[in-house]
Every structure is written in C-alpha cells, then in structure tokens.
Amino acid sequence: MTETPALPTVWRPRTTRIVAYTMAGVIVFGMIVLAVVVPEQYKLVDRVLMVGFGVFIAWILHMLARCRVAADEAGVTVVNAFNTRRFEWPQILDVAMNVGDPWPTLDLADGTSIGAMGINGAEKTRAARQLGELQALLHTRGEAPDPI
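Quick note: the sequence shown, position 29, residue 65 per our numbering, numbers continuous.
Lysine to any residue pairs mimicking SDA-like chemistry, simulated, CA-CA at most 20 angstroms apart:
1) Lys160 <-> Arg104
2) Lys160 <-> Ala172
3) Lys79 <-> Ile68
4) Lys160 <-> Gln171
5) Lys160 <-> Val55
6) Lys160 <-> Val135
7) Lys160 <-> Pro138
8) Lys160 <-> Glu39
9) Lys160 <-> Asn134
10) Lys160 <-> Thr52
11) Lys160 <-> Thr141
12) Lys79 <-> Phe89
13) Lys160 <-> Ala56
Simulated DEER-style distance windows between Cβ atoms:
14) Leu144 <-> Gly88: 35 to 41 angstroms
15) Lys160 <-> Phe65: 27 to 33 angstroms
16) Phe89 <-> Thr58: 16 to 22 angstroms
17) Tyr78 <-> Thr51: 35 to 41 angstroms
18) Val55 <-> Phe92: 15 to 21 angstroms
19) Gly136 <-> Thr45: 22 to 28 angstroms
20) Pro75 <-> Val55: 30 to 36 angstroms
21) Leu85 <-> Asp130: 46 to 52 angstroms
22) Asp130 <-> Val69: 45 to 51 angstroms
23) Val81 <-> Thr58: 27 to 33 angstroms
24) Val73 <-> Thr176: 57 to 63 angstroms
Since the hints were made in silico from the structure, they are not lab data.
Please read these numbers as outputs of a predicted model, since none were measured by experiment.
Backbone N, C-alpha and C fix where the C-beta goes; we use that ideal spot for every residue, glycine too.
Whole structure, please, built from the sequences with the hints as guidance.
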C-alpha cells in the first residue's frame with residue numbers, strides 16, 4: 037500500500053497544465069498577430085474582438101489547467117474546471133478510478149459522487165501513485181473509529 041503523505045498536500049495533473057498553458061499562449065499570440073496583419077478593411081473593433089476571443093479561449097484553458105485535489109487536516113478540496121467543492125474527511129466514503137477513466141470518482145456519504153479532475157488518468161503511473169496516496173489518507177482520516 038502507498039505511504040500516507042504529509043498534510044497539506046495537493047495533486048495536480050502535469051500534462052494537462054503544460055498543454056493547456058502552452059496552447060493558451062499560442063492562441064493569444066496568434067490572435068494578436070492576426071489582429072495586426074489583417075487588411076485595413078477590418079476596423080479596430082474587429083481587431084480587439086479577435087484578441088478578446090483569443091483571451092476567452094485562454095481563460096477556458098486556464099479553467100481546465102487549474103484543476104486540483106487538495107487535502108489538509110480538515111478535509112479535501114476538489115477544484116474542477118468550473119466548480120470547487122470542499123469535503124470533510126468523513127463525507128468521502130471511497131475513491132476509485134477504473135482502467136480507462138479520465139479521473140477518479142469520489143463516492144460521498146450523501147449518495148452522490150463527484151469526479152476529481154486534479155488526478156489525470158492519462159498520466160498512468162503518476163495517477164496511480166496519487167490515487168494511492170488519496171486512498172491512504174482516506175483510510176486513515178475518513179473512517180470512523182471502531183466502537184469499543
């Protein structure tokens with residue numbers, strides 16, 4: 037079994053962040069170049085909208101790159117692309133990621149589940165290690181003590 041990591045700890049997908057921020061830079065730079073080199077028939081408003089569109093796409097890519105799972109003494113914070121949820125340790129019953137899943141799923145005490153996009157299934161070895169660390173923390177902190 038995986039060692040229990042020291043708290044606080046944060047798990048983030050490396051590949052997703054590299055690709056998203058690289059593409060955001062390329063798109064914004066490309067739209068700026070396009071706004072400069074288009075013919076004069078395009079007015080200032082058109083050029084500003086081109087750059088604005090590039091910035092909008094970069095913002096969406098940033099929202100994908102910011103995904104993470106953070107654990108501390110009090111619980112777990114799951115930051116996905118467009119929402120953030122905070123859970124206390126006892127609220128999380130289990131975490132699992134089947135082969136081929138894009139990210140793990142946290143099963144919650146209220147009967148629902150939530151994806152944790154901060155652990156990327158495409159990074160197979162890294163994702164397995166991160167999932168094991170989260171499971172170890174969940175096992176030590178999330179379970180109720182045995183009654184005497």
